[in-house]
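Q: Please arrange chain B on chain A, whose structure you already have, making use of the hints.
2 protein chains.
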Amino acid sequence: MLAELALPTELASRAGAFTLRAARDGDLDALIALIANDPVSAARGDVGSSEDRDDYARALGEIGADPRNTQLVAELGGEVIATMQLTVLPGLARQGASRLQVETVRVRDDLRSEGIGAALMRWASDVAAPALGARLIQLTSDAARTDAHRFYERLGYAPSHIGFKLSV
Amino acid sequence: MLAELALPTELASRAGAFTLRAARDGDLDALIALIANDPVSAARGDVGSSEDRDDYARALGEIGADPRNTQLVAELGGEVIATMQLTVLPGLARQGASRLQVETVRVRDDLRSEGIGAALMRWASDVAAPALGARLIQLTSDAARTDAHRFYERLGYAPSHIGFKLSV
Chain A
9 MLAELALPTE LASRAGAFTL RAARDGDLDA LIALIANDPV SAARGDVGSS EDRDDYARAL
69 GEIGADPRNT QLVAELGGEV IATMQLTVLP GLARQGASRL QVETVRVRDD LRSEGIGAAL
129 MRWASDVAAP ALGARLIQLT SDAARTDAHR FYERLGYAPS HIGFKLSV
Chain B
9 MLAELALPTE LASRAGAFTL RAARDGDLDA LIALIANDPV SAARGDVGSS EDRDDYARAL
69 GEIGADPRNT QLVAELGGEV IATMQLTVLP GLARQGASRL QVETVRVRDD LRSEGIGAAL
129 MRWASDVAAP ALGARLIQLT SDAARTDAHR FYERLGYAPS HIGFKLSV
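Chains as they are written, first to last, in the numbering used here: chain A, 9 to 176; chain B, 9 to 176.
Just chain A, same shape as in the assembly:
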């Protein structure tokens, strides 16, 4: 999907302009740290253990190799400060509408409330979804993330669904 997305691009935040680009292999450790830098993820085992590094590397490789997936990173001052994954989902419902699914949205904790996440999400809906032909953006947020729920509602997202998960 990267060809459609015209990356890298510059986005604005209260912490300054930052670069949005596709993740590279060299971002792996920064991505692992970003995901571990979150209590909900840490409670699920994302603690940045070196034993898990190969699993994260494999996943990053799979995302990068799939034309309907991309892991994006935000870079500020040479550091990876945020990430999100986008997936285009073809589907029959809603008159065959493709959906843009957002997963694993993370902003480094010392840079939250600076408008970085909002800039990422606005880019996803204003730029990425139209460029990718998606008529709907969807994501789920853990019920414990009440701040995130307010954030998504401020951006216009409707909390219209229940997200069910089953570990297998």
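Take every hint as true, because none was put in to throw you off.
If several chains are the same, the list does not tell them apart, and a pair holds so long as it fits within one copy or across any two.
Listed below are the simulated DMTMM-like cross-link pairs for lysine to aspartate or glutamate, each with C-alpha atoms no more than 25 Å apart in a straight line:
1. LYS173 x GLU122
2. LYS173 x ASP150
3. LYS173 x GLU161
4. LYS173 x ASP63
5. LYS173 x ASP46
6. LYS173 x ASP155
7. LYS173 x ASP134
8. LYS173 x GLU12
9. LYS173 x ASP74
10. LYS173 x ASP60
Quick caveat, the hints were computed from the structure, so don't treat them as lab data.
A: Same frame as chain A, now just chain B:
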């Protein structure tokens, strides 16, 4: 993903044994009718209009051509009576766990409460997810579908997330 799934297969229900297989182009009209045969979908515009047929056909083609997607149909007595879409999502969170996402689960209304949907979902968690290397199954269900919520909870799914959607 079809190679891993060993389809077609036979599943049991109170309406009799039925066949689970990948959808074919010739299933398009039955699939459009199944999706329209649902008040929540109909309210979103899935009313089986002939004007929308090309859009559904394009979507079914995209699903079938993507190695991480498949549209499945249940066939009983030569008729398509149910469907669901499966998508394998590579991802970094949960130590790089791949997820199996389920979308557009529909059972024809005169055959509901016969265990067909449960058989599909049990096959997804017991057979498909392990075969595809997915450690988590996820789906969202419209908040209006309270019967569906009880159904997924009976199957062991946790309503742990809020599902947000934004039309673009």
